[in-house]
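Trainee: Per our numbering, the very first residue in the first sequence carries number 2; after that it's consecutive.
By construction, these hints were calculated from the structure, which means they are not laboratory data. A hint or two may mislead.
Stated by the list, open to error - In the DSSO-like style, the derived pairs of lysine-lysine whose C-alpha atoms are separated by at most 27 Å in a straight line are:
1) Lys107 / Lys3
2) Lys183 / Lys167
3) Lys162 / Lys66
As the list claims (entries may be wrong) - Listed next, with one range per pair, are the computed distances between beta-carbon atoms:
4) Ile185 / Lys107: 21 to 31 Å
5) Ile6 / Lys202: 31 to 41 Å
6) Lys10 / Pro33: 39 to 49 Å
7) Lys202 / Asp166: 31 to 41 Å
8) Lys10 / Tyr195: 28 to 38 Å
9) Ala194 / Met96: 18 to 28 Å
10) Thr75 / Pro181: 37 to 47 Å
11) Phe153 / Arg176: 11 to 21 Å
12) Gly73 / Gln49: 31 to 41 Å
13) Asp108 / Ile6: 38 to 48 Å
14) Arg186 / Phe32: 10 to 20 Å
15) Val178 / Gly73: 19 to 29 Å
16) Gln9 / His158: 27 to 37 Å
All C-beta atoms, glycine included, are put in the ideal place defined by N, C-alpha and C.
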Amino acid sequence: MKRKILPQKFFTRPALQVARDLLGKFLIREFPSPGGVDAPRGRGGLKQIALMITEVEAYDGPRDKASHASRGETRRNAIMFGAGGYFYVYLCYGMYEMLNIVTGAKDYPAAILLRSAIINFPLIRGVDCRRGRTGCVTDNMVLDGPGKLTRFLKIDHSFNKKPADKSTSLWFEDRGVKIPDKMIRRAPRIGVAYAGPIWSKKKYRFFLTKT
DNA sequence: ACGATGATGAAC
DNA sequence: TTCATCATCGTA
Numbered sequence: 002m003k004r005k006i007l008p009q010k011f012f013t014r015p016a017l018q019v020a021r022d023l024l025g026k027f028l029i030r031e032f033p034s035p036g037g038v039d040a041p042r043g044r045g046g047l048k049q050i051a052l053m054i055t056e057v058e059a060y061d062g063p064r065d066k067a068s069h070a071s072r073g074e075t076r077r078n079a080i081m082f083g084a085g086g087y088f089y090v091y092l093c094y095g096m097y098e099m100l101n102i103v104t105g106a107k108d109y110p111a112a113i114l115l116r117s118a119i120i121n122f123p124l125i126r127g128v129d130c131r132r133g134r135t136g137c138v139t140d141n142m143v144l145d146g147p148g149k150l151t152r153f154l155k156i157d158h159s160f161n162k163k164p165a166d167k168s169t170s171l172w173f174e175d176r177g178v179k180i181p182d183k184m185i186r187r188a189p190r191i192g193v194a195y196a197g198p199i200w201s202k203k204k205y206r207f208f209l210t211k212t
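All chains, full assembly: derive it from the sequences and hints.
Mentor: In structure tokens, the structure reads:
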């Protein structure tokens, strides 16, 4: 199976396009592997966790009232105003780290929030699919929610502003999974009622559905 | 339905 | 310097 690290070029495109294309791609997290009985699955004493992305949300441009960028550049959201391909990580509700990947060109603030993923790919095998709380496809390893995802992968604000490549120990791969449009659903984003009737209803949430 | 929990940004 | 808010989650 081919494994191609998604280059920066993948992310320097419009947010909605990147969001759709991230479904079925893999988020790879690399950890140092302590020596001992447990043989490292990766190379050179490193162990990798690969999650297939099943749900994302786009935050697109300075006019998007649901986006942190809608009120201009601040220290927190500065990375959103840079070029695509860098992580934007922030603390939400005092205890949950939200993982985003910045998209688009420099000076156009946009990012994709990674909401859900699965770890043993029932979608591919066609077994044991069920829906999680947000309507996204999950399986027994439920990473259904942005806070759960970062907690599982041990991602915190130290990843903020880092590039999505191997130097960060966190990157994306295309592992050859093709997701037909028929398997993708769009819906309003979650938890953005504050954005008002127009922007809170935009179908900027993308997720995989069964069949 | 609600409380935990702390950074953020806007007001003062 | 305060204070309301918040791209959530687990328990009820």
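Trainee: State for each hint whether it applies.
Mentor: Now the hints, each set against the structure:
1. This hinted pair does not check out: Lys107 and Lys3 have alpha carbons roughly 31 Å apart, beyond 27 Å.
2. Note on Lys183 and Lys167: the hinted pairing is violated, with a Cα-Cα distance of about 32 Å set against a maximum of 27 Å.
3. Distance restraint check for Lys162 and Lys66: the Cα-Cα separation of roughly 22 Å lies within the 27 Å cut-off, and the hinted pair is therefore satisfied.
4. At roughly 29 Å, the beta carbons of Ile185 and Lys107 sit within the given window of 21 to 31 Å.
5. Restraint check, Ile6 to Lys202: a C-beta distance of roughly 35 Å satisfies the suggested window 31 to 41 Å.
6. Under the hint 39 to 49 Å, the C-beta atoms of Lys10 and Pro33, about 29 Å apart, miss the expected range.
7. For the hinted restraint 31 to 41 Å between Lys202 and Asp166, the CB-CB distance of approximately 35 Å keeps it satisfied.
8. In this structure, Lys10 and Tyr195 meet the distance hint of 28 to 38 Å, their C-beta atoms being roughly 34 Å apart.
9. For Ala194 paired with Met96, a C-beta distance near 21 Å keeps the hint of 18 to 28 Å intact.
10. Taken as a hint, the range 37 to 47 Å holds for the pair Thr75 and Pro181, whose Cβ atoms sit roughly 40 Å apart.
11. At about 19 Å, the CB distance of Phe153 to Arg176 agrees with the hint of 11 to 21 Å.
12. Distance hint check: the CB atoms of Gly73 and Gln49 are about 38 Å apart, consistent with the given range 31 to 41 Å.
13. Our hint of 38 to 48 Å for Asp108 and Ile6 is violated, since their Cβ atoms are close to 26 Å apart.
14. At about 33 Å, the beta-carbon gap between Arg186 and Phe32 misses the expected band of 10 to 20 Å.
15. A hinted range of 19 to 29 Å for the beta carbons of Val178 and Gly73 is inconsistent with their spacing of about 38 Å.
16. The supplied range of 27 to 37 Å is broken by Gln9 and His158, whose beta-carbon atoms lie about 22 Å from each other.
Hint compliance for this structure: hints 1, 2, 6, 13, 14, 15, 16 are not met, and every other hint is.
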